[in-house]
Structure formats: structure tokens, C-alpha cells
Amino acid sequence: MTLIDLANPTRFLTLTARVLPWLAALTAILLAIGLYQSATAPDDYQQGATVKIMFIHVPNAWLSMLVWGVMSLSALGTLVWRHPLADVAAKAAAPIGAAFTFLALVTGSLWGRPMWGTYWEWDARLTSVLILFLMYLGLIALWRAVEDPSRAARAAAILTLVGAINLPIIKFSVDWWNTLHQPASVFRMGGPTLDRAFLIPLLVMALAFSLLFATLQLAAMRNEILRRRVRALQLVQAAQASQRSA
Amino acid sequence: MTALLSLIRRDIRIALRVGGGALIGVLFFLTVVVLMPFAVGPDLALLTRLGPSILWLGALLASLLTLDRLFLADHDDGSLDLIVMSRTPLELACAAKALAHWIAAGLPLIVATPVLGLLLNLDASSTSAVALTLLAGTPALTFTGMIGAALAVTLHRGGLLLAVLVLPLSIPVLIFGVAASEAAITGPLSFGTPFSILCALSLASFVIGPFAAAASLRHGLD
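Line by line, the protein sequences give chains A and B. For the first sequence, position 130 (counting from the first letter as 1) is numbered 130 according to our numbering, and the numbering increases by one without interruption. For the second sequence, position 215 (counting from the first letter as 1) is numbered 215 according to our numbering, and the numbering increases by one without interruption.
Isolated chain B, as found in the complex:
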């Protein structure tokens, strides 16, 4: 248990350091949200209508961007081999790394959401609804993205391939995340249904992600 906790602490500390990827994700999120009004026009009503979708899309792309840092730095300096060979089960180690990555890269996105909601003319209740769905959905993005990161870890220019592999698995999370946000903001439809499916996707990814990632690392690193 202490081994996993120290792994989490180490990863968070590395990610928050200067070369780490934590705040790059937030910057990319900001970039996407700032570019959208230039693309769709400054019509505030339209931006309010599109707001949850733009926030969700930005969060998805930002988490996709930071995913290859999950294993890359460890692979480069050899600590990934040590993690694979250690006594703690590799599945738990992968889950710990994904949790640390979500805390370092996913939580800042959620914290940035209220500020960016202002840019998109969303009021407080809408933004908090979007932030809640992001809180439920970004773990799914991180844990399923970990599968792609583990598959692409041994490739040198694997970044784009990683995005291609992870994208089909992230689409359901996006669909239900936006559905839940829309249901909370405008909807005659209930918020509970898409939100519980979103939570279910996250919970399922907590199990499937580490197992698939561990299998990929074991087979890919020998």
C-alpha cells in the first residue's frame, strides 16, 4: 500500500514540476475554448447553447494531449522497467499512475472550467453542472487513455497513434458527458440517466484500464 502511495506522490510531484505536463493541459483547454468563439462567431446565445459541448471537447482534447506523458518519462529513464519488475502487481501500479495523472492533469481542468464558462456565457449553475459531469467523466478518459499510452509507450513518435487508438474509446464518455450537461441545463430529460451511465463508464474503466495497460506493458517491454 505504501508502495502505491509513494508512486502516486512521486508522479504528482514530477507532473507539477517545471517540465511536467500538468499545466500544459490547462493551457490547451484554454486555447480550445478561446478559439471556439472565433470559429463560431461572437453570438452569445449560440455560445451559451454550445458551451457545455465546447468545454467537454476542450477537456477531452486536453486530456488526450497529456496522455503520452503517463509512461513516456518513466520509459525513457528506465524506471518503467523497475515498476514492471517490482513486487507490487503491475495492474495496481498502472492504476496508481493513472490516478496520479488524473489528480495532476485532470483536476486542474475541472478547476479551470468555471473560469472558462464565463468566456462562453454560461451562468453559474450551468458551469457547475458541466464541472460535475467532467468530474465524473475525466477519470474514464484518463483510465481508458492509459491503455493507448501503454500500447504506444515503446514507439518513439507514438503520440498521434495514441490519439487515434484512444479516440474511439473516449467517444461514449463524450456523448454521455454532454448529454448529462445538456439535461441539467436545458433538459426536459432527466439528468440522472446519462450521469449514472457516465459514472458507470468511469467505474468500468477503473477495472479495464489497468488490466489492459498492464498486459500491454508486460508484452510490449520484453
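With the rest of the complex left out, here is chain A:
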């Protein structure tokens, strides 16, 4: 079963119809485990119980960048390999990624108020993530602006690849600039500096969020395929109606 076998939309629909309930169940289980571990994690000596926002804020932030990465791969699939479902994947992922980015900004803002004393700060990390959010919104606007989905796909693919330059900027912003946001504690040279008691729930939540994205993405791709079929049927119907009246 190679990637090209999934290129057939009907086969993709039947396959995901079988896989999706299991994926959703697995997501729910992992989320339950992760939330339980987050609730029972110890308090931080400095931040107290507020540190537990980290278990929601950080996975959202990681996912916001992962989704743009997935969209970039789909964009390459559209432009280079002309994979039939690549643009379906890209169109489905954009609102999901925008939601993750928005949640990352909001949970981070709520965490910042007790920790830094401010809801917002124009430092490099927050600014670059806000720019990522604006690019998500621009991408969604571009998808909706062009009538034909396959032409919209190519334009969106180019914009996705151009916007991918933001991802390393976000990742290294805390190293390159003097930021209020703390530097990297997990994905850094020399390994994570986070204590095991916090690292394990964080990784479990990250895995749960990734599976959540996979579930939502497959469901959204199914919806997009069905939406395109409805559109094709409407076009056929309109053509037949005009033929009958002519």
C-alpha cells in the first residue's frame, strides 16, 4: 500500500471510513491519559499550579508549526508530483492549523498574565507566531478567493512554500533575539532541560494533540472530497439544465 494507492479518492474514502473511528478512539484515550497526568503533575516551585497551562499551550504551539510543515509537504505534492489528494490535504489542514495557532496565542496570553504581568508582549517569538496566524488567515482567504479548486490549490501551494520560511524563524527566535518568552527547553542541543515529571505529561499531550490533528485532518479531507463531488454534480446539473433550455 503505497502513497499512490491513496490517490484514488474513492479508495481514500473507504479506507478512512474504516480507520477514522479507531483513530478518534485512540486520540480520546491518549488525551484522557495526558490530561490525567497533567492534573497530577507536581506544582512548580516558582509558578505553582499555573505551570500546567504548559501542557496545553506547548502542544498547541508545536502543532501550529507541524501543520504548516504538513501543508508544505502537501504543497510540494501538488506542485512537483501532482498527487491528486495533495491539494485536498492542504485545504483541509489550513483551518485546523489556524485554530491551533490561535489557541497557542490565547493560552500563552493567559499564561503570560500571571507570569509576566502582561497579556501580550511584542517580542520575537510572540510576533513571529502572530505573523504565522496572519499567514494562515491569508492562506484560507486565498483558498476561498479562487473558484476552481485545482487552480486555487496551485496558488495556495506557492504561498505555503513561501510562508514556510517563518517556521525556522519561530523556532530560533528565542535564540536569535532577546525575548521575554523563555528559550527552548525540549528541542535543543544537549537534550531537554525539563524535569521528567513535567516532560512525560508534555510528550503524552503532544502525541495526543498530533493524533487529534490526524483525526481532524482525515475527517476534513473526507468532507472536502465530498464537497468537490457535490460541486461537480452541481456543475453537471447546471450544464444539463442549460442544454435543455437551449
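Think of the hints as simulated: they come from the structure by calculation, not from any bench. This one's a predicted model, so the numbers in the text were calculated from it and none came from an experiment. Please note that the accuracy of each hint is not assured.
Which chain A residues face chain B? A few, computed with CB under 7 Å, are given here [claimed, not checked]: (1) Leu134; (2) Gly138; (3) Ala155.
All C-beta atoms in this analysis are idealised placements derived from N, C-alpha and C, irrespective of residue type, glycine included.
Given chain A, put chain B in place with the hints provided.
What follows is chain B alone, placed relative to chain A:
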């Protein structure tokens, strides 16, 4: 080479004509700079403090406004299809068009900066610092804006979408442009660092912009 030069000459000539967009940008720049003192109040010290930022913001918005003219007129009369189908590489043709657009619409903004600096109570050295950073930064705005212009060329009412698409890519140019101006005017910080990053952004956009714009035109016009 002569094909590109004639493309540049043609674009400049069209832009400077009556219906062209060259001086509309300068007028919009003037409008923004004139409106700012009404918004923030006539306090001259405050205007001096905000001066570089107001000039940079006005220049960015003015170049954003004139961007859709980059491809629109050619698309309407069909010459864009001829450019896409011609033997010169489309990337070079896009770069030539962007260069012509910068000469016709970006350079007048820089020339207007000293005059508008007077309105904002900036002295000669401050204004020349801002003009220098604009000289380094407006090519980046034009070349990255070209990407949005190419994406939006086939949309009829694509002007606002173009601004939405181009804006996130222009923010770093604005940040470093204002940082360089502030460093030259007040700063304990060095002027060289943000200025060299600004130049780097422009140089990178000379490469990325034409490639992305050419890809958009090829995929969008078929």
C-alpha cells in the same frame, strides 16, 4: 538582455504616464504622513520621536497600494500571456517588472522623504538616515509584494486579498527598517546590524520573489 531592458523601459514609461500608478503612491504617502499629526496630536517632540516609524509605515502602505498595478494592466490587455510565453525566462521577466515598478513607484517615495520629514519635525541627518533605510528596504517590499501580486492577478477584486497576503512578509522589513532608522538617530545600538539584515532581506527577496511570482503566473494563468 535587450528584451529585459526594453521590458523595464516599457514598464517605466507606462507607469509614468497619466493613468499609471507612479505618483499615486507618493500622494498616498503624503496623505498618511499628513494624517498622522492629526491623530497623535501636534506635539513636536512626539512627532520627532515617531517620525521614522510614520515615514516607514507610510512608505509600506504606499507600496502596498501600488502593487496590484504590477501585473493588472498587462493581464487585462493580454500582454502578460505574451510575456509568460516568450523566450526570456519568466523569472527574469518578473524581476525586470519588479525593478521597473520600484524605479517608478519606490524611488519617488524615497525622493519625497526629506520633504515629508519636515512635516514631522525631523532634522536633516535623521531624514537622510530614514531615506537610506528606505532605499535599502523598499526593494524588498516590491519584490516580495510581487509574489502576492502574481497570486492575485487572476482575481478581479484581488486588491485587498493581495494586501492580506503580502503583509506578513513585509513585517520583518518594517521591523528592521525602523530599527535601523532609530539606531542611526538616537541609538546606543549600532546602525550596522539592522541595516545589514535589511539589505539581506532585500537581496533574498531579489531571488525568492521572481521565482515565486513566476511559478504563480505559470500555474495561475493556464
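A quick look at each hint next to the structure:
For the restraint placing A/Leu134 at the interface with chain B, the shortest Cβ-Cβ distance is roughly 5 Å, inside the 7 Å limit, so the hint holds. Checking A/Gly138 against chain B: minimum C-beta separation of about 5 Å stays under 7 Å; hint holds. Taking 7 Å as the C-beta contact cut-off toward chain B, the hint placing A/Ala155 at the interface holds, the least distance being around 5 Å.
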